[in-house]
Each structure stands twice: as structure tokens, then as C-alpha cells.
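Student: With our numbering, letter number 67 in the sequence shown gets 67, and the count goes up by one each step, no holes.
By construction, these hints were calculated from the structure, which means they are not laboratory data. As the structure is a prediction and not an experimental result, all values here were calculated from the model. Beta carbons are placed, not taken as given, at the ideal position from N, Cα and C, and that holds for glycine. Among the clues, some could well be false.
Pairs of lysine to aspartate or glutamate, EDC-like flavour, derived with a Cα cap of 20 angstroms [what the hints assert, rightly or not]:
#1 Lys-29 with Asp-69
#2 Lys-89 with Glu-43
#3 Lys-58 with Glu-73
#4 Lys-89 with Glu-18
#5 Lys-147 with Asp-76
#6 Lys-29 with Glu-43
#7 Lys-29 with Asp-39
#8 Lys-29 with Glu-73
#9 Lys-41 with Asp-28
#10 Lys-29 with Glu-18
#11 Lys-41 with Glu-90
#12 Lys-58 with Asp-69
#13 Lys-41 with Asp-88
#14 Lys-41 with Glu-18
#15 Lys-29 with Asp-44
#16 Lys-41 with Asp-69
#17 Lys-29 with Asp-76
#18 Lys-140 with Asp-76
Derived CB-CB ranges, DEER-like [claimed, not checked]:
#19 Arg-143 with Asp-39: 38 to 48 angstroms
#20 Leu-142 with Asp-30: 33 to 43 angstroms
#21 Glu-18 with Lys-147: 31 to 41 angstroms
#22 Glu-73 with Gly-136: 21 to 31 angstroms
#23 Ala-22 with Pro-110: 14 to 24 angstroms
#24 Arg-161 with Ala-15: 25 to 35 angstroms
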Amino acid sequence: MNSSPTSTSSSNLPAVIEASPARVAAQDKDGWLALFSPDAKIEDPVGTTPCFRGRGQKNGNDQLGRFFDTFIEGNDVRFEVRGDFVADKEAMRDVLIHTQLANGFQIIAPAHIYYRVTAEDGAQICHLAATWELRGLVGKALRQFPKGLLTLCSLGWRMLRLQGV
Numbered sequence: 001m002n003s004s005p006t007s008t009s010s011s012n013l014p015a016v017i018e019a020s021p022a023r024v025a026a027q028d029k030d031g032w033l034a035l036f037s038p039d040a041k042i043e044d045p046v047g048t049t050p051c052f053r054g055r056g057q058k059n060g061n062d063q064l065g066r067f068f069d070t071f072i073e074g075n076d077v078r079f080e081v082r083g084d085f086v087a088d089k090e091a092m093r094d095v096l097i098h099t100q101l102a103n104g105f106q107i108i109a110p111a112h113i114y115y116r117v118t119a120e121d122g123a124q125i126c127h128l129a130a131t132w133e134l135r136g137l138v139g140k141a142l143r144q145f146p147k148g149l150l151t152l153c154s155l156g157w158r159m160l161r162l163q164g165v
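Could you put the whole structure together from the sequences, leaning on the hints where they help?
Tutor: This is the structure we're talking about:
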């Protein structure tokens with residue numbers, strides 16, 4: 001991680017915030033879901049319809065479980081942390097999210113990820129909000145025609161199948 005005067009070391013972050021990208025990278029769905037409180041909310045990206053823990057049960061999977069199945073399962077996802085900003089029960093991470101999809105298509109998304117935890121000791125994540133530019137990533141994918149277009153169509157179908165309309 002790059003340090004700057006406005007950054008804190010990752011040792012100041014609650015353990016669940018450190019564990020989240022590690023469990024994503026390990027494809028550990030159950031472990032990742034265990035990091036979230038019973039009423040957790042994910043907004044990824046901010047501005048889209050949030051996913052809630054315990055809501056929208058479908059095939060035994062709540063909205064957070066389906067989020068994992070849609071965007072994480074089967075993809076190689078790595079978080080490059082560029083800075084952490086921590087205050088009490090909240091943290092903001094400046095990251096590059098490196099994703100290689102199952103078909104080999106690669107995406108690098110600059111993002112800011114906001115975490116709110118249930119207690120100062122970081123017992124569980126109750127809110128995760130990721131800010132990144134969807135339009136820019138779609139444009140980059142389309143410029144890699146035809147593989148980019150086929151990838152976007154495949155992701156769209158997967159989202160509809162797992163998330164619903």
C-alpha cells in the first residue's frame with residue numbers, strides 16, 4: 001500500500017475490512033457473507049439498486065449471496081489498495097479492482113469503497129458502498145470488439161438470471 005500523510009496503515013482497519021478482499025480473492029462465499037451483519041447493505045456501484053442481507057430470498061440465496069454469485073463467483077478478483085482513510089466505525093479505501101473474468105477478459109476498475117462496521121472493533125460490515133465509473137468500463141469493453149461485446153452480453157444475461165429484472 002502506498003502511504004501518504006492522509007492515509008493510515010492497514011493495521012488501523014477493522015479485521016473484517018481486511019478480510020473482505022481476501023475472501024473475494026479466495027472465492028470463499030460463505031466466509032465473505034459471514035463478514036456482513038444480518039441487516040447489511042451493499043451499493044455497488046453507488047446509484048444502482050442496493051442489495052440487502054436477508055431480503056429477496058431466491059433458491060435459498062439472499063440478495064448478498066446473489067451479488068457474490070453474479071459478480072465474484074468464477075472470476076479472479078484482486079484489490080490493489082492505494083490508500084485507506086479510517087474514522088471510528090467507517091473506512092474509505094482507494095483501490096484498483098483487477099478482475100479477470102472466466103472467459104479471460106480483464107477489467108481494471110479504479111474505485112473508492114466505503115465500509116461501515118457495526119462496532120469500533122469491526123465486528124461485522126453493515127454497509128459497503130463502491131463508487132466506480134460504469135460508463136467508462138463499458139466503453140473500454142466495447143473498444144475490445146468482439147470479445148468485449150460478448151463479455152458484456154454474457155454478464156448482462158448472468159445478472160438477469162441471478163438478480164432478476
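Student: Work down the list of hints and note, for each, if the structure agrees.
Tutor: We went through each hint and held it up to the structure:
| no. | hint | verdict |
| --- | --- | --- |
| 1 | Lys-29 with Asp-69 | holds (8 angstroms) |
| 2 | Lys-89 with Glu-43 | holds (18 angstroms) |
| 3 | Lys-58 with Glu-73 | holds (17 angstroms) |
| 4 | Lys-89 with Glu-18 | holds (14 angstroms) |
| 5 | Lys-147 with Asp-76 | holds (18 angstroms) |
| 6 | Lys-29 with Glu-43 | holds (18 angstroms) |
| 7 | Lys-29 with Asp-39 | holds (17 angstroms) |
| 8 | Lys-29 with Glu-73 | holds (8 angstroms) |
| 9 | Lys-41 with Asp-28 | holds (19 angstroms) |
| 10 | Lys-29 with Glu-18 | holds (15 angstroms) |
| 11 | Lys-41 with Glu-90 | holds (14 angstroms) |
| 12 | Lys-58 with Asp-69 | holds (12 angstroms) |
| 13 | Lys-41 with Asp-88 | holds (19 angstroms) |
| 14 | Lys-41 with Glu-18 | holds (18 angstroms) |
| 15 | Lys-29 with Asp-44 | holds (17 angstroms) |
| 16 | Lys-41 with Asp-69 | holds (16 angstroms) |
| 17 | Lys-29 with Asp-76 | holds (13 angstroms) |
| 18 | Lys-140 with Asp-76 | holds (19 angstroms) |
| 19 | Arg-143 with Asp-39: 38 to 48 angstroms | holds (40 angstroms) |
| 20 | Leu-142 with Asp-30: 33 to 43 angstroms | holds (35 angstroms) |
| 21 | Glu-18 with Lys-147: 31 to 41 angstroms | holds (34 angstroms) |
| 22 | Glu-73 with Gly-136: 21 to 31 angstroms | holds (24 angstroms) |
| 23 | Ala-22 with Pro-110: 14 to 24 angstroms | holds (20 angstroms) |
| 24 | Arg-161 with Ala-15: 25 to 35 angstroms | holds (34 angstroms) |
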